[in-house]
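S.K.: One-letter residues, chain by chain:
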Amino acid sequence: MSDTRTYDLIVIGSGPAGQKAAVQGAKCGQRVAVIEQSASVGGACVHHGTIPSKTLRETAAALSSFRQRTGNQLSFDIPANVKVASLMARLGQVVQAHEGYIGAQLSRNGVEKIHGRARFVSPNEIEVATVAGTRERVRGTYIVVAVGSQPRTPPNVPVDHENILDSDSILSLIYLPRSLTVLGAGVIASEYASVFAALGVEVTMIDKNPVPLGFLDPELTSRFQTQFETMGGRFLGNATVKQVVTDGVVVHTELEDGTVVTSDKALCALGRIALLDRLNIAAAGLAPTSRGLLQVDEHCRTDVPHIYAVGDVVGPPALAASAMEQGRRAACHALQLDPGAPAETIPMGIYTIPEMSSVGLSEAQAVERHGAAWIGRASFAEIARGHIMNDPHGFLKMVAHPDGETLLGIQIIGEGATEMIHLGQMALLAGSRVETFVENIFNFPTLAEAYRVAALDIAGQVTQRSRPVTTVTDATPAPA
Amino acid sequence: MLPNVAAQLLDGKIAENADLAEISELLHTDQAITGHVLRIANSAAYGGSGRIQSIQQALLRIGLTQLREIVLAVAVQNGVFRVEGHEALVSHLWKHSAIAGAYAREIARSLRTNAESSFLCGLLHDVGKPVVLGLALEIDPNLSGETCTAVLEPYHALVGRSLAETWSLPGAIVESIAHHHDPGAADEHVPSVNIACLANLFAHLVLDQPDDEKALRAHPVCVALNLYPEDLDALIAKRDDMLEVADGLTV
Chain X
1 MSDTRTYDLI
11 VIGSGPAGQK
21 AAVQGAKCGQ
31 RVAVIEQSAS
41 VGGACVHHGT
51 IPSKTLRETA
61 AALSSFRQRT
71 GNQLSFDIPA
81 NVKVASLMAR
91 LGQVVQAHEG
101 YIGAQLSRNG
111 VEKIHGRARF
121 VSPNEIEVAT
131 VAGTRERVRG
141 TYIVVAVGSQ
151 PRTPPNVPVD
161 HENILDSDSI
171 LSLIYLPRSL
181 TVLGAGVIAS
191 EYASVFAALG
201 VEVTMIDKNP
211 VPLGFLDPEL
221 TSRFQTQFET
231 MGGRFLGNAT
241 VKQVVTDGVV
251 VHTELEDGTV
261 VTSDKALCAL
271 GRIALLDRLN
281 IAAAGLAPTS
291 RGLLQVDEHC
301 RTDVPHIYAV
311 GDVVGPPALA
321 ASAMEQGRRA
331 ACHALQLDPG
341 APAETIPMGI
351 YTIPEMSSVG
361 LSEAQAVERH
371 GAAWIGRASF
381 AEIARGHIMN
391 DPHGFLKMVA
401 HPDGETLLGI
411 QIIGEGATEM
421 IHLGQMALLA
431 GSRVETFVEN
441 IFNFPTLAEA
451 YRVAALDIAG
461 QVTQRSRPVT
471 TVTDATPAPA
Chain E
1 MLPNVAAQLL
11 DGKIAENADL
21 AEISELLHTD
31 QAITGHVLRI
41 ANSAAYGGSG
51 RIQSIQQALL
61 RIGLTQLREI
71 VLAVAVQNGV
81 FRVEGHEALV
91 SHLWKHSAIA
101 GAYAREIARS
111 LRTNAESSFL
121 CGLLHDVGKP
131 VVLGLALEID
141 PNLSGETCTA
151 VLEPYHALVG
161 RSLAETWSLP
171 GAIVESIAHH
181 HDPGAADEHV
191 PSVNIACLAN
201 LFAHLVLDQP
211 DDEKALRAHP
221 VCVALNLYPE
231 DLDALIAKRD
241 DMLEVADGLT
251 V
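Each protein sequence line maps, in turn, to chains X and E. The first sequence begins at 1 in the working numbering and counts up one residue at a time. The second sequence begins at 1 in the working numbering and counts up one residue at a time.
Honestly, the hints are just simulated from the structure, not real lab data. Ideal placement from N, C-alpha and C gives every residue a C-beta, glycine not left out. Take these hints with a grain of salt, some might be off.
Now the in silico label distances, taken between C-beta atoms and shown as ranges [said to hold, decoys possible]:
no. : chain 1 : residue 1 : chain 2 : residue 2 : range
1   : X       : E298      : E       : D240      : 27 to 37 Å
2   : E       : A234      : X       : L74       : 48 to 58 Å
3   : E       : P220      : X       : Q73       : 53 to 63 Å
4   : E       : P220      : X       : P445      : 36 to 46 Å
5   : X       : Q336      : E       : P220      : 43 to 53 Å
6   : E       : P210      : X       : R278      : 24 to 34 Å
7   : X       : R278      : E       : A185      : 28 to 38 Å
8   : X       : S107      : E       : P210      : 38 to 48 Å
In silico negatives: residues of chain E with every beta carbon more than 12 Å from chain X [as the list claims (entries may be wrong)]:
no. : residue
9   : S118
10  : S144
11  : A172
12  : E188
13  : K238
14  : G248
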């Protein structure tokens, strides 16, 4: 055992949350170390999740756009037995570039990287076991736990990484299957379900909830479900999985009601579990919640004041963007720096096909908080750019305060939604009024015009009607 | 050297979504393979019940992926791992390969990556050895066992690679054969090559050097694969299961 090294700040995990915490600490002149169990930095985001899945999605989205723009006049079907690797040929470069960028950023800021598995031995002391079997202890004044998560495997779903896969192994599939059963209807399940459906795979998504992505605005999820089904996908809601078995040829998913769904492969996307099992958090004076997470306050501080927890390990929203902000805020709080007002306008991007994004309050949240809300809608069918792109199903929803002026939130579904949302985010941050979108001109033809159309919708309602909506709009099916 | 049936099953023309009847028909063109496939499909290692009577039934029971493995195992044993007068040595080489195949799949699983192709990378990593042996014996039929073993090491990766390229095997398998002793030299399919390298070490540990666990743990490939001591403990604990799979694959 070597001498104990000491740091001002120790970050466990180098995913988006850990990386931002470490860089923030180092930029303030602190001695910072990041402990990472993988050989390379970046966490699941870079190696299994966000970055690789979006690389495959890019191919699927391009194919989907091609079909859309050519009105299906030109056929472009994926050849049978195509290798999945050939659909994301640039994956290695993309991952390497991102990993290199993160590594360089940590080095540039003087953050020390320790490769090994961390384990608390006391509230301030951590033992690091290296892959070569050596052990050393490090001591930190402040510690940020950013260990991330891994896919949850329920006992009735025997994931073998050959026929029944999880979100860690799905992208190393060799051949594109003919059919795929996706268990779950959260972000990961919906993203993969729509990506594989766009690639021509017969996808069945199964979930206990009545709709996919139930936490989103129902008008968005309804349109998503319609488009998923248009691509050949099938959603079985209110369904409980009894058991999943494979005979090696196919996978049989048996539901409680006796229905059996048979497919070439299955993807288990039934949530993720925080990677706390090896961390020995009891030695730090911590205990997991009933959901296996770490409880934190608004500063991302755990019950042990000098230990913070950020990212997937604290639970929802478990998105890379929020994790980064949590990491930054945790480091700022530890170092007694003002992190600024809590960001209420972190956007949420769901990389389904079509993609969806949301920022600020939804209609339901606005009605709950303010008693009423004005709702402006813009269908891409009303937008010139939407016609050019042949994306008539795209849709932007603007939520405004009962005063008819204050912008409260934006929800978008359609191509480019995750980029378009930032215009709404900036407007929210700047405290812009709804009229700002009416009084100003955007490039033409662009999808940003949808903001103007939605704002005009609200302005028209305010002029013509005496009261804003006080009950949440039912989801209406998207046009066929 | 590789029967037509195995070549067709392996070159990707017949993939996961092939018609079962088509595969069954193809396999029936080679009675030797059919017999062995049925026997292995019925073995305990493949969860067999002894009730599989037909190739179609075997396909439904064990799946194309495993069927492909069995066909290749049978084909390679019959076509390559057969050197008259040196049956004991070749049989040992085969068992080593079969254990490596089983271990390669298990290593892939422990790394939470798709295990489908790893088995073949492990199974075929030493496919050059019996070929080199056969060639050496053609030159001098009286070579001693010691000399035979000595000539295998320097040439088997090179010869195996050439054989795999002739068979048009997938790149990951070709690279695993070529570089399983020096994975650092692989330019492509590095994770597969690393897995084959470690699977080879595990096969030696299980079959030849049961007391040499320390050497396996100290091998740089464990670090390259980011396998921690406790991950290796879990893999070592599976040695009996791996032996059972290997026994099941032996003709």
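S.K.: Checking each numbered hint in turn, tell me which of them this model violates, lowest number first.
M.R.: Violated hints: 1, 4, 9, 11 and 12; rest satisfied.
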